Amino acid sequence: MNNRNDLILAVSELIAPVTETGFGYQLENNEYAPLHILKNEKVTYPEIRISPFIKTEYIDKYEKKCSNNKKNIRKIYESIFQIDIFSKTSIDVNDLYDMIEDRIYDFFEPEIIIYSYTPDFQLHQDGYYYTDTFSLSEERVFEVLVENGEKYKEKLDYVDEISNLQLNTWYVDNDYFYVKLDNIKDIEIKTIENGNVFDDKLSVRSKGFYNYGFGSSRELSLYENNEVDRISFELILIYGLDRKIKEGPIIDEINIRVD
Amino acid sequence: MSQVMEMGNIIQISSPTTPQYSLRLLSEVCGNRQIHKQALSNSTSHIVDRARSYLSANGTWKTGALADSIYAKVTETGLEVGADARDEYGRHYATHIEYGFTDRGGNFIGPFPFLRPAVYDTSEYIKNSLKASITTAYKSGLVLGAVTRGGNITGIARGSTVNLSKNVLGSVGSPNSLRGTWENTWGL
Chain C
1 MNNRNDLILA VSELIAPVTE TGFGYQLENN EYAPLHILKN EKVTYPEIRI
51 SPFIKTEYID KYEKKCSNNK KNIRKIYESI FQIDIFSKTS IDVNDLYDMI
101 EDRIYDFFEP EIIIYSYTPD FQLHQDGYYY TDTFSLSEER VFEVLVENGE
151 KYKEKLDYVD EISNLQLNTW YVDNDYFYVK LDNIKDIEIK TIENGNVFDD
201 KLSVRSKGFY NYGFGSSREL SLYENNEVDR ISFELILIYG LDRKIKEGPI
251 IDEINIRVD
Chain F
1 MSQVMEMGNI IQISSPTTPQ YSLRLLSEVC GNRQIHKQAL SNSTSHIVDR
51 ARSYLSANGT WKTGALADSI YAKVTETGLE VGADARDEYG RHYATHIEYG
101 FTDRGGNFIG PFPFLRPAVY DTSEYIKNSL KASITTAYKS GLVLGAVTRG
151 GNITGIARGS TVNLSKNVLG SVGSPNSLRG TWENTWGL
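Residue numbers (this note's numbering), protein chains in the order written: chain C, 1 to 259; chain F, 1 to 188.
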């Protein structure tokens with residue numbers, strides 16, 4: 001995450017799943033509870049509303065390696081978001097509260113399984129490898145790493161279309177997991193068993209979140225229309241924002257001319 | 001068992017210097033309600049000022065009635081912060097500002113928090129204030145009361161405190177025996 005808008009978007013996804021119209025939950029009674037951020041907007045019931053940055057506190061900063069020759073400064077903050085749930089029935093309000101709580105737990109406390117190379121990979125004529133072992137219907141892959149001869153393993157990029165698959169990228173759909181790299185035997189695949197990742201396949205840690213906490217929830221129905229139930233609670237997040245810098249050219253060879 | 005031995009001009013307290021004793025002494029001082037109250041009452045004006053500054057910053061300051069009604073008081077269980085302004089019909093409205101509300105037209109008016117940020121801001125101040133109060137208590141006679149209650153040194157005069165507490169406290173927490181060198185002061 002590079003700025004506060006990225007953060008608000010990430011928190012929205014943290015709270016509610018991505019749907020066709022934005023973020024929201026499909027309830028059991030076929031009603032849809034959308035997530036709203038804007039203030040002074042017409043309320044539709046049921047709905048979830050985020051009031052960002054009730055309080056933000058700068059904590060610390062450190063340097064983070066972002067390429068071979070560049071370092072980025074990551075600043076750490078603690079922010080408090082107020083989350084409000086509105087509905088005309090108390091059942092929906094409580095259901096939504098439980099769903100949000102479960103979803104946040106899934107993000108922050110997942111069970112991760114790490115696989116190494118399996119012989120199931122087949123080489124496609126377009127030059128990529130594919131296997132049905134790690135398809136979306138079977139497993140939830142969120143990180144693919146490869147040995148690169150250095151101390152740390154190189155992380156491969158995720159692409160959102162199979163047509164965009166290039167060297168050192170991966171893609172997954174309901175049938176197969178696809179990856180394009182030089183030596184398939186060096187692969188390492190991380191999957192989530194009980195948990196959740198963001199839509200761009202980033203875990204909360206990769207996204208930049210460090211920790212979370214729930215404030216106490218309050219029943220604020222008293223301050224609303226008599227027919228409306230409202231639960232309000234605070235979500236406390238510790239996260240890092242990266243300063244966006246351009247990557248410089250990688251210098252492989254330096255010629256020193258002595259006249 | 002605590003033992004106080006007189007060795008000529010030097011008083012040696014043998015067992016009370018164990019870590020458990022030091023912790024007990026510390027907890028007695030830290031748990032002293034009077035010290036807590038003192039630390040909290042030092043923070044009340046600070047917290048009210050912060051809340052007022054948040055109110056003026058978020059643009060909700062119109063008549064000043066809400067700002068004037070902000071209070072912070074020390075209770076038996078801790079610190080209570082609130083605002084009890086009422087509208088023309090006698091209804092409280094601080095909560096509506098703090099948490100947001102839905103108006104009669106069905107629009108959600110977002111929260112303009114002023115009490116919560118003030119409390120978050122002041123928490124560090126209260127912590128430091130409590131720390132300072134405990135330190136002051138250590139340096140003053142309050143700590144002697146704790147030593148006296150827990151450490152069986154009631155025989156030593158309680159009235160004159162400064163030198164004794166300074167010497168005793170200089171060694172509390174040390175695994176070795178306490179050695180007070182206050183013979184000149186106390187004429188022992």
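Heads up, a few of these hints could be off.
Calculated pairs, BS3-like style, for lysine-lysine (alpha carbon to alpha carbon, straight line, at most 30 Å) [to be verified]:
| hint | chain 1 | residue 1 | chain 2 | residue 2 |
| --- | --- | --- | --- | --- |
| 1 | C | K55 | F | K62 |
| 2 | F | K127 | C | K61 |
| 3 | F | K37 | C | K61 |
| 4 | C | K64 | F | K37 |
By construction, these hints were calculated from the structure, which means they are not laboratory data.
Remember, it's a predicted structure, so these values are computed and weren't measured experimentally.
Checked hints:
1. Our distance criterion of 30 Å between C-alpha atoms is met by C/K55 and F/K62, whose separation comes to about 23 Å.
2. Using a Cα cut-off of 30 Å, the hinted pair F/K127 and C/K61 holds, with the two alpha carbons roughly 24 Å apart.
3. Simply put, F/K37 and C/K61 have alpha-carbon atoms about 36 Å apart, too far for the 30 Å limit, and the pair is violated.
4. Under the criterion of a C-alpha separation no larger than 30 Å, the hint pairing C/K64 with F/K37 is inconsistent with the structure, at around 45 Å.
The structure shown violates the earlier hints numbered 3, 4.
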